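Given only the sequences and the hints, what does the whole structure look like? Please build it.
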Amino acid sequence: MISLDGFPVMDADTLTALKKAIDGGFRAFTREFGATVEDFFLPLRTFLIFVERLLVTTPWPLVLLVIGGLVYLASRSWRLVAGAVAALLIIGYFGMWEDTMRTLAMIVVATLLSVAVGIPLGILMAWSGRARAVMLPVLDVMQTMPSFVYLIPVVMLLGIGKVPGLIAVVIYAAPPIIRLTNLGIRLVDADVLEAADAFGASTWQKLRKVQLPLALPNIMAGINQTIMAALSMVVVASMIGVQGLGQPVLKAIANQYFTLGVFNGFAIVGIAIIFDRTSQAFGRRLQKHREAEHA
Amino acid sequence: MLESSTSIEIRNVYKIFGPHPERYIEAVRDGGMCKADLLEKHNHVLGLSNVSLDIEAGYIQVIMGLSGSGKSTLIRHINRLIEPTAGEVIVEGTDVRALKPKALRNFRRASTAMVFQKFALLPHRTVLGNVVFGLEIRGVSRAEQLEEAHHWISRVGLCGFEDKYPSQLSGGMQQRVGLARALSNDAPILLMDEAFSALDPLIRVDMQTILLDLQDEVRKTIVFITHDLDEALRIGDRVAIMQDGELVQQGRPEDIVLSPATPYVEDFVRQVNRGRVVKVGALAKSVSGPPAALRVSGSLSLADAALRLVEARLSFADVTDSNGAVVGRVGLEDVVRTLARSAGETAALEGMASEELPARLAG
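Keeping their order, the protein sequence lines are chains A and B. The first sequence runs contiguously to residue 296 in our numbering. The second sequence runs contiguously to residue 471 in our numbering.
Keep in mind that the hints were calculated from the coordinates and are not lab data. Remember, predicted model here, so these are calculated numbers, not experimental data. Check the hints yourself; a few may be wrong.
[Said to hold, decoys possible] Going by beta-carbon spacing under 7 Å, a handful of chain B positions derived as facing chain A:
| # | residue |
| --- | --- |
| 1 | N187 |
| 2 | I190 |
| 3 | R213 |
| 4 | R216 |
| 5 | F224 |
| 6 | K226 |
| 7 | H232 |
| 8 | G242 |
| 9 | I245 |
| 10 | G247 |
| 11 | R378 |
[Stated by the list, open to error] In the EDC-like style, the derived pairs of lysine to aspartate or glutamate whose C-alpha atoms are separated by at most 20 Å in a straight line are:
| # | chain 1 | residue 1 | chain 2 | residue 2 |
| --- | --- | --- | --- | --- |
| 12 | A | K210 | B | E270 |
| 13 | A | K210 | B | E244 |
| 14 | B | K393 | B | E374 |
| 15 | B | K210 | A | D277 |
Ideal Cβ positions, reconstructed from N, Cα and C, are used throughout, including at glycine.
And the structure:
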């Protein structure tokens with residue numbers, strides 16, 4: 002007999018047993034394969050540490066010069082270069098240079114990883130309806146599941162440190178590039194694709210010469226969104242031991258250090274704006290044929 | 109005249125659009141199910157119904173029909189952008205249906221090139237980048253790509269525009285790029301799907317002239333789709349007319365104009381200016397006797413022939429072929445009769461006379 006007062010719940014003992022079974026199973030898995038998984042991610046760890054050292058140990062004027070140079074190459078705008086350099090100078094003057102470099106290293110590696118994994122997945126989704134049907138709910142989970150929830154198994158497997166932090170960041174930051182690569186390729190004009198077919202283009206030729214170039218505006222928007230998403234995860238990642246601007250923020254929350262929080266918060270905002278404007282300007286420059294319309 | 113050889117053979121081709129065409133092909137082919145029944149009872153669309161057409165090498169074959177008549181579907185069967193449900197398509201001796209994916213790609217690269225109604229240029233590439241596209245796909249060396257591309261860009265009159273993007277060009281210029289892209293592929297067959305339909309009337313005539321000039325030079329087998337009868341008659345060596353997925357008439361332009369096979373074709377040709385379209389050769393009758401005082405080329409239009417006769421104050425002339433040999437004789441009376449039939453109808457129906465002829469005759 003179902004009673005109407007109170008939702009009919011699973012028997013408490015069964016529920017506990019279920020939770021225990023899953024936890025136990027995962028713990029066993031961790032014990033068995035933790036080392037293997039850690040080995041698997043070793044190259045990533047090495048790369049991340051390399052980039053971080055490079056940024057932290059290189060003399061600051063050189064770093065500033067290289068960043069300014071990169072901003073110029075991407076945007077061809079001296080105004081943007083001036084803004085970026087000024088922002089970094091202020092950040093450094095307020096004593097946040099090293100943390101900023103660590104965060105920068107994390108963002109760069111997370112973005113590279115997201116792009117390297119995300120673009121092929123996005124292409125797969127665009128080509129195959131089945132892949133898309135499988136991927137869409139997965140992406141929804143990746144973007145909406147509270148990050149603390151997937152931090153639990155990641156930390157159980159890999160412990161606390163840079164790599165689990167990086168994985169947490171990538172899980173949250175990769176979906177935009179995957180979604181927008183898929184979208185960009187699906188939006189390519191069917192007439193142009195038919196023309197490529199009529200000229201005998203192979204699948205690979207169509208991808209390289211038609212679909213990817215025409216999807217580029219969307220792909221660039223995806224990369225931009227990915228970078229922003231990665232930056233927004235900095236504080237969460239610091240909770241599992243990722244060094245950088247997130248750690249002082251965490252300390253500020255715990256101790257109600259208002260100013261410390263605001264300074265580091267603005268440093269994150271500063272980097273975000275530099276990344277955003279530069280990547281957008283770069284995207285626009287790749288779209289010369291669109292600017293031509295307004296000429 | 110070229111020696112005639114068949115370049116493209118289309119044999120009893122059927123195309124049914126829908127999820128399960130194979131279920132209904134027999135009912136359509138052997139049971140005579142019509143387009144409306146197929147749509148109503150089974151929700152499948154009959155795109156092509158028993159279409160057979162031989163296209164001769166080196167000629168311009170026009171396929172004409174209203175929208176929805178299946179002409180664009182038919183042209184896509186030639187390079188198998190659309191798979192036939194039944195029937196055969198043989199191109200230059202190759203059974204197109206039997207090609208495996210790789211062989212099909214090679215066939216498309218080597219044997220056919222296509223020009224599209226909406227141009228279908230690559231917006232991220234310059235004129236030059238678009239024209240080399242087919243050559244790139246074929247893996248031709250960069251030097252050769254550029255040489256070919258520059259040649260064809262100048263042949264279609266786009267010198268100096270190599271570095272422009274399609275969005276910077278007018279429709280007519282964009283389609284010149286499309287034409288140059290197709291020609292640079294140096295395939296024996298050129299497929300033109302309503303290639304000039306999107307252009308302004310004046311530009312369209314311009315492009316027709318360019319195409320005809322180029323054709324004199326390259327002598328390709330051109331399949332040209334259009335819904336515009338004037339265009340069909342102007343450029344077609346042969347014209348085929350489609351209606352509801354069926355081929356209702358095919359022949360030389362004069363045949364279509366002088367003896368339309370069905371009311372549908374009659375509707376099409378009613379407004380045609382026969383004085384310009386019909387060549388005097390079509391009326392030539394063989395006679396014996398002394399030569400006439402005037403000789404006219406068989407390729408002269410009726411209107412011009414009438415004018416020549418009137419100016420010379422003669423009632424008949426000998427008609428010659430392209431080599432200058434007399435092939436028959438034509439009388440002014442026949443010419444005027446043929447002209448008047450159309451001019452009278454047209455004038456009565458539409459209130460517009462077949463322009464210059466009566467005036468000139470009077471003068």
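Hint by hint, here is what the structure shows:
1. Using the Cβ-Cβ criterion of 7 Å, the hint placing N187 of chain B at the interface with chain A is satisfied: the shortest such distance is roughly 6 Å.
2. At about 10 Å, the closest approach between the beta carbon of I190 of chain B and any beta carbon in chain A exceeds 7 Å, and the interface hint on this residue is violated.
3. A distance limit of 7 Å between C-beta atoms decides the matter here; for R213 of chain B the minimum to chain A is near 4 Å, and the interface restraint holds.
4. Look at R216 of chain B: its Cβ gets to within about 4 Å of chain A, closer than 7 Å, so that hint holds up.
5. Annotation: F224 of chain B was flagged as interfacial toward chain A, and the flag holds, the nearest CB pair being 6 Å apart, inside 7 Å.
6. The criterion of a C-beta within 7 Å of any C-beta in chain A is met by K226 of chain B, whose closest approach is roughly 5 Å, and the hint holds.
7. The interface hint given for H232 of chain B holds, since its Cβ lies 5 Å from the closest Cβ of chain A, which is under the 7 Å cut-off.
8. Interface hint at G242 of chain B: satisfied, since its Cβ lies 5 Å from the closest Cβ of chain A, which is below the 7 Å cut-off.
9. Hint on I245 of chain B holds. Least Cβ distance to chain A is approximately 5 Å, under the 7 Å limit.
10. Hint status for G247 of chain B: violated, given a least beta-carbon distance of 10 Å to chain A, over 7 Å.
11. Interface hint status for R378 of chain B: violated, as the beta-carbon distance to the closest one in chain A is roughly 34 Å, over 7 Å.
12. In summary, the hint linking K210 of chain A to E270 of chain B is supported, as the alpha carbons are separated by about 19 Å, within the 20 Å threshold.
13. Between the alpha carbons of K210 of chain A and E244 of chain B the distance comes to roughly 10 Å, so the proposed pair stays at or under 20 Å and holds.
14. Our distance criterion of 20 Å between C-alpha atoms is broken by K393 of chain B and E374 of chain B, whose separation comes to about 25 Å.
15. Restraint check: the Cα-Cα separation between K210 of chain B and D277 of chain A comes to about 43 Å, which exceeds 20 Å; the hinted pair is violated.
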